[in-house]
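Protein chains: 2
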Amino acid sequence: MNILITNDDGVYAEGLLALAREISKIAKVTVVAPDRERSATAHAITMHKPLRVERVNLHDCHVESWMVNGTPSDCVKLALDALLNDAPDLVLSGINRGPNIGTDVIYSGTVSAAIEAAIYGIPAVAFSVAAYENVSYDYPACFARKLCESLMEKKFPKDTLLNVNIPPLDDEDIAGVLITHLGNRRYKNCFDRRQDPRGKTYYWLAGEAVEDLGDTGSDIWAIKNNYISITPIHFDLTNYEVIDNIKKWELEP
Amino acid sequence: MNILITNDDGVYAEGLLALAREISKIAKVTVVAPDRERSATAHAITMHKPLRVERVNLHDCHVESWMVNGTPSDCVKLALDALLNDAPDLVLSGINRGPNIGTDVIYSGTVSAAIEAAIYGIPAVAFSVAAYENVSYDYPACFARKLCESLMEKKFPKDTLLNVNIPPLDDEDIAGVLITHLGNRRYKNCFDRRQDPRGKTYYWLAGEAVEDLGDTGSDIWAIKNNYISITPIHFDLTNYEVIDNIKKWELEP
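Top line first, the protein sequences correspond to chains E and R. Positions 2 to 254 (my numbering) are the ones given, in order, by the first sequence. Positions 2 to 254 (my numbering) are the ones given, in order, by the second sequence.
Hints are not guaranteed to be accurate.
Remember, identical chains collapse to one label, so a pair may be satisfied in a single copy or spanning two.
[As the list claims (entries may be wrong)] Lysine to any residue pairs mimicking SDA-like chemistry, simulated, CA-CA at most 25 angstroms apart:
1. Lys156 <-> Val136
2. Lys201 <-> Arg37
3. Lys50 <-> Arg37
4. Lys248 <-> Asp237
5. Lys29 <-> Asp90
6. Lys147 <-> Asp36
7. Lys249 <-> Asp172
8. Lys159 <-> Phe236
9. Lys147 <-> Glu15
10. Lys248 <-> Val136
11. Lys201 <-> Asp82
12. Lys189 <-> Asn58
13. Lys189 <-> Asp171
14. Lys156 <-> Ile244
15. Lys50 <-> Glu251
16. Lys147 <-> Gly122
17. Lys50 <-> Glu134
18. Lys249 <-> Arg146
19. Lys189 <-> Asp87
These are computed hints drawn from the structure, not numbers from a lab.
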């Protein structure tokens, strides 16, 4: 099996290295990842400047690896269209430092790389650990390997990817695996207004996550209750439920 | 009525100016838009550098206008959280030069600005003209104004925005207005490989759109047949249809 790995924390991120090492036990791995952190790049692609590709050696991990001066989506496009001789059987993105749950998914470079693969018709999984400090990738990488092994026997849903979030716990403390929908997680008080040394105003994006825990089927509930959350994601953003209602508006040119 | 206008072609783009002029006939307009073109930025937000805001005068258009050194999503966040005293009744994005149909929507800064507004619970509409050369914004801006007037009387669907694409035609040649779903429009042969003067390889993202016209309910079909296309878009990317199937996989931690 051929597996392509990318991420949005950059090619030298610890989470990518842990994933590449573990997955190389079961498959031929190629890494194509951004040259630096590209968090919150969402599905941005680079149209107005050329992309450069450079081979890199990942510490203590003998897999073919490339870094790209672009976004996670650029990496997947470039790998599939220009760098790889054969299409991979599976594309993995991560392991991201920090959760990608609820509305986070809209902004996430990690998830967008997996969406890009799904657009090409290739099964894809995004992995994130739900912690920012003192993150251990040992169990998450191990779970990722086991999940990939399971996926080999399953019929992967069409035009869909899996968004996996793993609580920052040892394996014996994980409550189980839940198949979830995206929950409601937004942000409030988003900007910190400051003055620079020349008295000019600037703004830092800041803000606090506002989570709605109400729904037990959501990814947010799963993570808070020590479950691994797996959410199937698709890229058809049409809100089909309201089409008939809007047709009744009888809009005219 | 207070209306916020943004775009991804930059604050000085012709399409934004046409929209701001026309909408200021029916509402108090504020413009908060990127300082330069930000196409294909998708839903990227700026977390790792400060944002600067500057007042600008739009040519021949007396509306309060600001430019931001950020993405379309940054502009909407900053407007709603820091710049505007009152939340707008409606957020408009555009008018974009070039269509945003099918899978384009995933990459579109224009649509993402409207998604950001919808995340804040504010009704939002993204406008694009389906042409790149010799674009006239006169009829599209006029249609945008009429649509906004209609929307005042309607119950705008929750957590949804409207993605409007307008064919590059005079009003008498427009076949009508269709409420559509996103069609299937992907790209092939995406990269152009070149050598720089020092013999090093670089890649340009290129490629040709591959459209599937089969489905008469799609935005692609509508535009090709001279209809204005209005697609309701939401930001819950969960693929609910496959959740039950994946539950049957009985995955373990």
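Hints versus structure:
no.: 1; hint: Lys156 <-> Val136; verdict: neither (32 angstroms within a copy, 46 angstroms between copies)
no.: 2; hint: Lys201 <-> Arg37; verdict: between (29 angstroms within a copy, 21 angstroms between copies)
no.: 3; hint: Lys50 <-> Arg37; verdict: both (17 angstroms within a copy, 15 angstroms between copies)
no.: 4; hint: Lys248 <-> Asp237; verdict: both (20 angstroms within a copy, 22 angstroms between copies)
no.: 5; hint: Lys29 <-> Asp90; verdict: within (10 angstroms within a copy, 53 angstroms between copies)
no.: 6; hint: Lys147 <-> Asp36; verdict: neither (28 angstroms within a copy, 47 angstroms between copies)
no.: 7; hint: Lys249 <-> Asp172; verdict: between (53 angstroms within a copy, 22 angstroms between copies)
no.: 8; hint: Lys159 <-> Phe236; verdict: both (11 angstroms within a copy, 20 angstroms between copies)
no.: 9; hint: Lys147 <-> Glu15; verdict: within (19 angstroms within a copy, 53 angstroms between copies)
no.: 10; hint: Lys248 <-> Val136; verdict: neither (50 angstroms within a copy, 28 angstroms between copies)
no.: 11; hint: Lys201 <-> Asp82; verdict: between (45 angstroms within a copy, 19 angstroms between copies)
no.: 12; hint: Lys189 <-> Asn58; verdict: neither (41 angstroms within a copy, 30 angstroms between copies)
no.: 13; hint: Lys189 <-> Asp171; verdict: neither (32 angstroms within a copy, 44 angstroms between copies)
no.: 14; hint: Lys156 <-> Ile244; verdict: between (31 angstroms within a copy, 13 angstroms between copies)
no.: 15; hint: Lys50 <-> Glu251; verdict: neither (43 angstroms within a copy, 45 angstroms between copies)
no.: 16; hint: Lys147 <-> Gly122; verdict: within (22 angstroms within a copy, 40 angstroms between copies)
no.: 17; hint: Lys50 <-> Glu134; verdict: between (35 angstroms within a copy, 21 angstroms between copies)
no.: 18; hint: Lys249 <-> Arg146; verdict: between (50 angstroms within a copy, 20 angstroms between copies)
no.: 19; hint: Lys189 <-> Asp87; verdict: between (45 angstroms within a copy, 16 angstroms between copies)
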